[in-house]
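**Q** Residues per chain, in single letters:
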Amino acid sequence: MKRKTFLKGMIGAAALAAMPLSAAAQDPIKIGEINHYKRMAAFAEPYRNGIELALEQVNENGGVMGRPLEFIFRDDQGEPGEAIKIAEELMTRDGAVMLTGSILSNVGLAISSLAAQRGYVYLASEPLADSLVWESGNDYTFRLRTSTYMQAAMLAEEAAKTDATTFATIAPNYAYGKDAVSAFKENLLRLKPEAEFVAEQWPALFKIDAGAEVQALERSKPDAIYNVTFGPDLGKFVREGTDRGLFEGRQVFGLLSGEPEYLDPLGAEAPEGWIVTGYPWYDLKEGAAGAFVSAYQERWDDYPRLGSIVGYMTVQSIAAALEKAGSTETDAIREAFKDLTLDTPMGEITYRGIDHQSTMGAYVGTLALRDDKGVMVDWVYKDGADYLPSDEEVSKLRPAD
Amino acid sequence: MGLFIAQLLTGLANAGALFMVASGLSLIFGVTRIVNFAHGSFYMLGAYVGYTLIQVLPGVVGFWGAILLAGLAVGLIGMLVEILVLRPVYRAPELFQLVATFGVILVIQDLALMTWGPEDLLGPRSPGLVGVVRIMGEPVPKYDIALLVITPFVALALWYLMTQTRVGVLVRAATQDREMVGALGVNQAWLFTGVFALGCGLAGLGGALQLPKGGADLMMDFNILTAVFVVVVIGGMGSLPGAYLAAVIISVLNVFGVTYIPQSTLVLMFIVMVLVLMIRPYGLFGREEVAGEHGQVGEPERPIKPAGLQVRLLVAAGVAALAALPLYGSGFMQVLTTDILIFCLFAASLHFLLGLGGLVSFGHAAYFGGGAYVAGLLVKHAGTPMELAFILAPLGAGLGAFIIGWVCLRLTGVYFAMLTLAFAQLLWSLVFQWGEFTGGDDGILGLWPAKWLSGTTPYFYFTLVFSVGGVLFLRHVAHSPFGYALRAARDSERQAEATGINTRRVRMLAFSFAGFMAGLAGGLFVFSKGSIFPNELEITRSFDALIVVFLGGVKTLSGGIVGAAFFKGVEDVLTRFEYWRLAMGLLIIGVVILAPDGIVGTLRKWAERLGVLKRAEDES
Numbered sequence: 014m015k016r017k018t019f020l021k022g023m024i025g026a027a028a029l030a031a032m033p034l035s036a037a038a039q040d041p042i043k044i045g046e047i048n049h050y051k052r053m054a055a056f057a058e059p060y061r062n063g064i065e066l067a068l069e070q071v072n073e074n075g076g077v078m079g080r081p082l083e084f085i086f087r088d089d090q091g092e093p094g095e096a097i098k099i100a101e102e103l104m105t106r107d108g109a110v111m112l113t114g115s116i117l118s119n120v121g122l123a124i125s126s127l128a129a130q131r132g133y134v135y136l137a138s139e140p141l142a143d144s145l146v147w148e149s150g151n152d153y154t155f156r157l158r159t160s161t162y163m164q165a166a167m168l169a170e171e172a173a174k175t176d177a178t179t180f181a182t183i184a185p186n187y188a189y190g191k192d193a194v195s196a197f198k199e200n201l202l203r204l205k206p207e208a209e210f211v212a213e214q215w216p217a218l219f220k221i222d223a224g225a226e227v228q229a230l231e232r233s234k235p236d237a238i239y240n241v242t243f244g245p246d247l248g249k250f251v252r253e254g255t256d257r258g259l260f261e262g263r264q265v266f267g268l269l270s271g272e273p274e275y276l277d278p279l280g281a282e283a284p285e286g287w288i289v290t291g292y293p294w295y296d297l298k299e300g301a302a303g304a305f306v307s308a309y310q311e312r313w314d315d316y317p318r319l320g321s322i323v324g325y326m327t328v329q330s331i332a333a334a335l336e337k338a339g340s341t342e343t344d345a346i347r348e349a350f351k352d353l354t355l356d357t358p359m360g361e362i363t364y365r366g367i368d369h370q371s372t373m374g375a376y377v378g379t380l381a382l383r384d385d386k387g388v389m390v391d392w393v394y395k396d397g398a399d400y401l402p403s404d405e406e407v408s409k410l411r412p413a414d
Numbered sequence: 004m005g006l007f008i009a010q011l012l013t014g015l016a017n018a019g020a021l022f023m024v025a026s027g028l029s030l031i032f033g034v035t036r037i038v039n040f041a042h043g044s045f046y047m048l049g050a051y052v053g054y055t056l057i058q059v060l061p062g063v064v065g066f067w068g069a070i071l072l073a074g075l076a077v078g079l080i081g082m083l084v085e086i087l088v089l090r091p092v093y094r095a096p097e098l099f100q101l102v103a104t105f106g107v108i109l110v111i112q113d114l115a116l117m118t119w120g121p122e123d124l125l126g127p128r129s130p131g132l133v134g135v136v137r138i139m140g141e142p143v144p145k146y147d148i149a150l151l152v153i154t155p156f157v158a159l160a161l162w163y164l165m166t167q168t169r170v171g172v173l174v175r176a177a178t179q180d181r182e183m184v185g186a187l188g189v190n191q192a193w194l195f196t197g198v199f200a201l202g203c204g205l206a207g208l209g210g211a212l213q214l215p216k217g218g219a220d221l222m223m224d225f226n227i228l229t230a231v232f233v234v235v236v237i238g239g240m241g242s243l244p245g246a247y248l249a250a251v252i253i254s255v256l257n258v259f260g261v262t263y264i265p266q267s268t269l270v271l272m273f274i275v276m277v278l279v280l281m282i283r284p285y286g287l288f289g290r291e292e293v294a295g296e297h298g299q300v301g302e303p304e305r306p307i308k309p310a311g312l313q314v315r316l317l318v319a320a321g322v323a324a325l326a327a328l329p330l331y332g333s334g335f336m337q338v339l340t341t342d343i344l345i346f347c348l349f350a351a352s353l354h355f356l357l358g359l360g361g362l363v364s365f366g367h368a369a370y371f372g373g374g375a376y377v378a379g380l381l382v383k384h385a386g387t388p389m390e391l392a393f394i395l396a397p398l399g400a401g402l403g404a405f406i407i408g409w410v411c412l413r414l415t416g417v418y419f420a421m422l423t424l425a426f427a428q429l430l431w432s433l434v435f436q437w438g439e440f441t442g443g444d445d446g447i448l449g450l451w452p453a454k455w456l457s458g459t460t461p462y463f464y465f466t467l468v469f470s471v472g473g474v475l476f477l478r479h480v481a482h483s484p485f486g487y488a489l490r491a492a493r494d495s496e497r498q499a500e501a502t503g504i505n506t507r508r509v510r511m512l513a514f515s516f517a518g519f520m521a522g523l524a525g526g527l528f529v530f531s532k533g534s535i536f537p538n539e540l541e542i543t544r545s546f547d548a549l550i551v552v553f554l555g556g557v558k559t560l561s562g563g564i565v566g567a568a569f570f571k572g573v574e575d576v577l578t579r580f581e582y583w584r585l586a587m588g589l590l591i592i593g594v595v596i597l598a599p600d601g602i603v604g605t606l607r608k609w610a611e612r613l614g615v616l617k618r619a620e621d622e623s
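In the order they appear, the protein sequences are chains A and B.
Note that the numbering used here has the first sequence beginning at 14, numbered continuously upward.
Note that the numbering used here has the second sequence beginning at 4, numbered continuously upward.
Among the hints, a few may not be true.
[As the list claims (entries may be wrong)] For lysine to aspartate or glutamate, the following EDC-like pairs were computed, each having C-alpha atoms within a straight-line distance of at most 16 Å:
hint, chain 1, residue 1, chain 2, residue 2
1, B, K383, A, E282
2, A, K174, A, E207
3, A, K386, A, E282
4, B, K383, B, E439
5, A, K234, B, E439
Since the hints were made in silico from the structure, they are not lab data.
Keep in mind it's a predicted model, so treat the numbers as computed, not measured.
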């Protein structure tokens, strides 16, 4: 222990002893946060930084209901079974009042199933699966991030505006890829009934054979391509596709491809002209969005990724729900989340009572190069509320609550 | 026609890195008999080291120099690993070394994360080889052409090394009969070290060479592992030409698969592997494994005997203490213990197969996850009550094991192990891909136990009864005539046959029985978690079970259970820390080196030495 730390500790202890505050007023409100800190470190770390920044701000402003807010971070190795065990521990032993976290959809779904069974509130911060709030939705699970369906619908809207009529899709061969393709198809065909899908490629997740996929796409001669690949697959796909001229004269739509997590590793090879969903932090200078970016940069000496803003908004949402509930009882928190409205760096969002999905939106723009780095230009922020199915459809999708 | 040629070239170019990694694995296995699980990690290291070196060294010379240096550096790392980790455990039971290589995987994962950070690195371009050339109008990247040229050169160099040099003669001799080579005065230790370093160097070279087509990321190690295993097995373990041919076949078929059956990307290579092994059980160029050819490594196994009164009392006391857990333990203690009990049963079922039957299954998760999925699917699609679904889980898994066992048991040794792995992967792909029926990666949710079992404590007792009951039953079977027949088939197939034991039937039964028990564990698992995902069928789950059985001690009856409890308990503690994978990996390596007979086996030896337990030889 350094001398300074020791002294601080002594002062702290003395201060605590001297203060006549009741213990209850000082007891933090604990939130259980489960994530894949090791397995998906590139995503989980910025997310955690966003959470910590928000926590510091909340606690500087007097905490929630006069009590400090505290997160307990736990690593689940990316395994649904582990996450369930940890969730139980957080709720029954560590005294957490609710759960949040997860990036992977399967882990999010596992926690949501547990939440419904045991009666724990779970805010699914990052997982994208549509079924989390629809087919498998339940009374105890809420979701913050713009879902697969919403982001695909935003791109479908852009695609409908172009002249392209024949489309090819490439998506990783698993649940997320399939959801993303079917949502895009559904929305595009609604807006542009003459659109035609001429090829569907399904590379194995993180095992793409990019050369072969590019040849297969080229063979179908589409007007436009819809890309759902991400991570290392995206890098390989972009490189082979650029080399082999796949993208020449074709409009490409890339789901999530503009998020710094996926765009930045591409460096100077970011594919110009793609229309993507993402997070253009570099151009966010004003208002709440800009304030978040500069506060984040000041705190961490690093720029925010999409995960950072999601983490930040997770804390904001939980703090707002707790304040509204006025209690840490599960039922009160759950009721508070329904139709909860709050201001965030992305504007006002609402947790819809009908399906527990927040109306957080996404930035849609075109990729360009700036200083040898990929950036989004001509972007607009699209409010998530405008890209969800009608209420009747949603209630059909969501089984009896 | 142009497209066809271009596709062929793409396939051949893809074969390059795959061949290098696979040939390294094949070489290592051929000589040292080590199934190097960490081979993917050396591939990953090659990519990272190559990336860093290319940043430093400029120009064309720098680029190619960096790639060569990356191969060399990884070879050196491999040498260190061999000397520090593997050398102390060559005398341990066969395949024990794979536990050590598993520890190496964990250590390398965390070290790579610390060194290169979490972000994916996009591979640098090769100077002078950017862009495409047109072949019959079709674009072919220049770097693909370079790979097409380089790969045969590497293959030729290896061929020259193996057939035309003295070192090669020694390596080949060691592949055939390493005891004899040792007897002729060749320093085996350095031969092993050299081959291991060469194999790792090749993996590193492969990783560095693929940089311009991909990059470096932290998931590379596991992502390439199955493909490499498949290539090595199809080609024939230990055969370099086989590895080359198999890499080409797999890569080219994959390219055509992508184009004409885009959905096939997950299953294609496993189907090829199963087909090849059905026709040529030892791969394209492999040699038949003759039992005992390589000599029984380690000391001979002791006969097992029923537990004495003391042990029985001890076990009874332990079970009683567990049964009383709800009286003194928290709710979470019960949840954790439930997890551990389920994993113990799973490990014990594999141990039965491995320890008593001598049948190494690399795909045991198929029956664990399979049982869980049987229950989950029944509840989801047929509305089956939980109790009935739970009973059908082991039956379904047992039936699956029976069918897979019927196919796999035509093979022996490592080929058998690899075929079980292929089937497990096929099952995983099926579940992963067939979303409409299985839910795919989104799994099946809402699988909770019936009302009377729904609390933590009732389900804890439910698990306790079935896990402890299952483990005791496995133990009982080991002492039954069937258990004797199974061990007889393991120790000497010919003598067993001569005494009238139908060894194939005995093994079939054992395989199905082990699958049944794993399915029981899977049934317990699915209702304790309330959901099931393809993760439970993954290769890592099979590895988990394999690791704990070896850690506990293959040649002891209780090894599986002790290893499982130890592993799960430690995991629960360690994952609370930041660099837990590093700690876990080092711990595994430490246990491997200090306890080459497994935890139970080594404890027993120490106890005998101290006189606490009677020596085995004194009793007869």
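**Q** Compare the structure with each hint and give your call.
**A** How the hints compare with the structure:
no.	hint	result
1	K383/B to E282/A	violated (46 Å)
2	K174/A to E207/A	holds (13 Å)
3	K386/A to E282/A	holds (8 Å)
4	K383/B to E439/B	holds (12 Å)
5	K234/A to E439/B	violated (30 Å)
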